[in-house]
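Add chain P to chain S, keeping to what the hints say.
There are 2 protein chains.
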Amino acid sequence: MGFFDDHRDLLVQALQAARSRGYWSAFPEIPSGKIYGETARADGEAAFATLLDRPFEIDQPANGRVGREVSPLGKPLGITYPKSEPAALIAAARNAGGAWAAASVEERVGVALEMLARINRQSFLFGNAVMHTSGQAFPMAFQAGGPHAQDRGLEAVAYAYDEMTRVPRQARWEKPQGKSPPLLLDKAYRIVPRGIALVIACATFPTWNSYPGLFASLVTGNAVIVKPHPQAILPLALTVRIGREVLREAGFDPNVLLLAADEPDAPVTKELALDPAVGIVDFTGSPVFGRWLRENVRHAVLFTEEAGVNSVVIESTDDFGGMCRNLAFSLSLYSGQMCTAPQNIYVPRGGIDTDEGHKSFDEVAAGIAGAIDDLLSDRARAENVLGAIQSEETLKRIEAARRLGRIVRDSSPVDGAGGARTATPLIVAVDAADEHAYLEERFGPISFVIAVATAEEAIERAARSAKEKGAITAALYSTRETLIDRASEVFARAGVALSVNLTGAIYVNQSAAFSDYHVTGANPAGTACLTDSAFVANRFHIATMRRPMAA
Amino acid sequence: MGFFDDHRDLLVQALQAARSRGYWSAFPEIPSGKIYGETARADGEAAFATLLDRPFEIDQPANGRVGREVSPLGKPLGITYPKSEPAALIAAARNAGGAWAAASVEERVGVALEMLARINRQSFLFGNAVMHTSGQAFPMAFQAGGPHAQDRGLEAVAYAYDEMTRVPRQARWEKPQGKSPPLLLDKAYRIVPRGIALVIACATFPTWNSYPGLFASLVTGNAVIVKPHPQAILPLALTVRIGREVLREAGFDPNVLLLAADEPDAPVTKELALDPAVGIVDFTGSPVFGRWLRENVRHAVLFTEEAGVNSVVIESTDDFGGMCRNLAFSLSLYSGQMCTAPQNIYVPRGGIDTDEGHKSFDEVAAGIAGAIDDLLSDRARAENVLGAIQSEETLKRIEAARRLGRIVRDSSPVDGAGGARTATPLIVAVDAADEHAYLEERFGPISFVIAVATAEEAIERAARSAKEKGAITAALYSTRETLIDRASEVFARAGVALSVNLTGAIYVNQSAAFSDYHVTGANPAGTACLTDSAFVANRFHIATMRRPMAA
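So the sequences go chain by chain: S and P.
Just so we're aligned: 396 in full-length UniProt numbering is position 396 of the first sequence, and the numbers increase by one with no gaps anywhere.
Just so we're aligned: 484 in full-length UniProt numbering is position 484 of the second sequence, and the numbers increase by one with no gaps anywhere.
Read the hints as simulated data drawn from the structure, not as lab findings.
Some hints could be false.
Copies of the same chain are indistinguishable here, so a pair counts whether it falls within one copy or spans any two.
[Said to hold, decoys possible] Result set (DSS-like, lysine-lysine): computed pairs, CA atoms no more than 25 Å apart in a straight line: (1) K469 with K396; (2) K270 with K467; (3) K34 with K175; (4) K396 with K75; (5) K34 with K179; (6) K83 with K34; (7) K83 with K270.
All values reported here derive from a predicted model rather than from experimental measurement.
Bound conformation, chain S alone (with noise of 0.2 Å):
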């Protein structure tokens, strides 16, 4: 019980967290040498540094190496990985499953609480894994990677861990015969994995989306098989090493969480997918993909996050100048390749009044579009906004977008960015009509800037958006109460998460642990929440077992 007593104050605190819901942060998210040592920084350089361009050892089952991952900084990072066959992780979950199923609650909670305690300690090592696979400046690669992951998976542990201590472990069942002697049960409850876990990483937040589905599956009982994407494989090996460290020192086979690396042109995914021993399968990616596991995995509980097209409803502000640079920096923030960035900005064909008077639709367009050239005019500060593109696909599309419509602000590569790959965000100007060109997400710094009659059929157009191709976030910027009222509503109904009039330093794209849902389960987004209830509770089931009573 080591380690579950280690954490248990943090763990009650995570608890309380997750009812209240207001403000509350496990790990700092500063990357501050005052918090994670004064050489944090420096070491954490050095221990990239050393991991390139040569094999990354993790003792697991594996007949080879794998492993072809180029930074969108540039340069190929030149680490190979164990290659593991499905066959034989499969294996080697399952013989590692029976003691990890039949550890207490707390013994698994405890290990699962000293793994992401490890991993916040080497949070600037994550913070360059993270940067140079996703893309991401270093300031979001160390804190979206680092210590808002921690949060996220210290948040489904608490989830589970309040879930799975619900049902006692035994109960007297005594059941009154009138005047005859009452009938005695002894009962006695278990908690059950479903099997093996499968959590399917994306390559733009490796750790973010994947550590609530791969906590929450290892704390229920399960053993885990982390499969990343082939471009983002490293983040998620320093995990599952950390992570077996830890389970090999609490006495379990370290065979409770493994790697599946793969590279592009032989995944492994579907097999892992399709074996019946896998009980449990976590996906953030593509909609394609997305619908395949769908349509493929009977056999499995299936958690997805997919994909989006989120929308910002423009009728009205008192505050117009901090309304676009709001949603500038929201554009622009790793070059909006976020599952929470804004894609499509309607505004009412008539413009709207402000607090610097009526904007026409134009004029609306020019002042977000000029707030991002002036955000990025400072080239470093434009290099740590925007990171870079994780993806050459990103600018194909950016590409094609330019045709959509008209050009208010044109996208082009970052100047002095090196060899990295960079793109400012693209914003066309569309009409209502022309749902082609924005109703279909077009992932990356790609926006369009949408002419409606009134907002009010800018709300209904961005929830049925929501409600037929998925959306995770939307923004609403109003004065008029009422009309906040009515976007509420609709936007809940259709699965949506809505800011309100954020002008400030809090942005549409943001999501924060303990206190924000982030994704609902309700609209093609995805089919689950991080986190809630039901996100954890169907990863276990609970066995009866009932005898008369000893006498």
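Relative to the frame of chain S, chain P by itself:
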């Protein structure tokens, strides 16, 4: 808030009972005049008689009448119900659903608890309605169709209430910013239903199996369409009529709860299940239709209870007589037409040790058969235990099963049962190798005594058949604690509830609300458990709205 306040104490007790899982029941199971009123029995019979041979009125959208129920006791009921087109039901549910979704959790829970209270007061009427549709004898029809079903409904309400009230309505999010003022957001959370819920009920336990899904969907804000089995409409028509009365009194559109009655040659279930407005489907019935639902219902959350092959493993006993009597009752109760009834009784070829000395395989089989003969030797008792056979198909299955092995005890109609369709238990002896005989569900009073080498082999076979064919219950008779431990673990992993050494007045078929988890969702017997968190948590989603704090 009237109804909620009326029943608040009951709800609090239900929440506590669901956590402690000792014996607790809200609705008295004894059909006594002292509890239900001195004239309750006669009133229930009279009320039932009044319903026969005439239209049953429900004021919902309809364009004709349907209904051709025939009592398994022999007489057509002669009752017709409103015929409502699926599209009309969906439209009515959708119209009614908006205000229901917008109501507070307390309003909805109050309405549900009042429905259950009024249903409870009519338990004698429900007993008659369930008897004349399912074929259960009155004592069981009263208990299982009345108070026990009501308890299961209340249990689902309590779980759903618990999950919904874990989410605060609002939160203040205050993020420190060092020496700068904190970032401040107001957040509001809302519970949003999935859409319209469809509840597809079965003919054998029309209320017990449908109330959990019905009430869980209702209180989480979904309008509910109840689709009864065409041979067991009446108990659910009564439920819907009472429910609509309460809804109307509480100021809601009664179309929040609708009946979709149909006839066998013009079924409406598939059309309803495929409607994109349907967000939840609960189903109890055959694996054939269950499979169709699993393959075709992609747009909705699906909860099923299908079928299973339940096993008994006999290794040794210190109460041979008690064991035989206990199993005799389990095999005879409602003529084996329970999803929890045993089918496969594994006995070592070499016999077993008992308090009466060693018993050979044949002596064990004869002991159980003899105990059935004793139990059924009194005609009144036989009728009260066996009830009638719900479906003609079951008689055909008995006929076919006679040829599958050596008949240990033959099935026959009950003497003097008049026009009722009856059949006593058939027991067939087979060898473990005859898997074609016993490894599929043969619903009804059909069981196999199966010769195995050892009890260990039997446990492995029973667990494997549970994993492959589904199973809800298992029973073990053994005086060896190590074998009991082993069986507990193996059956838990197979997703089966295990009863050990039942020799008295508790039977493996029985599943008590608030204590026994009915079905695990972990084998093909069904995808859901009555009731755990997973059964309720996914019937709604949580929508977040956030905005900078008002000054």
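These are the hints, each one checked on the structure:
When the C-alpha separation of K469 and K396 is checked against a cutoff of 25 Å, the pair qualifies only within one copy, where the shortest distance is 21 Å, while the shortest distance between copies is 50 Å. Within a single copy, K270 and K467 get their C-alpha atoms only as close as 28 Å, which misses the 25 Å cut-off; across copies the closest is 23 Å, which meets it. Taking identical chains as interchangeable, the C-alpha atoms of K34 and K175 lie at most 25 Å apart only when they sit on different chains, with a minimum of 19 Å there against 61 Å within one chain. With identical chains, the CA atoms of K396 and K75 are at most 25 Å apart within one copy only, with a shortest distance of 21 Å there and 73 Å across copies.
In this assembly of identical chains, the alpha carbons of K34 and K179 lie at most 25 Å apart only when taken from different copies (16 Å versus 71 Å within one copy). Proximity of K83 to K34 under the C-alpha cut-off of 25 Å is found in neither arrangement, the shortest distances being 39 Å within a copy and 73 Å between copies. For a Cα distance limit of 25 Å, the shortest separation of K83 from K270 inside one copy, 16 Å, qualifies, whereas the shortest one across copies, 46 Å, does not.
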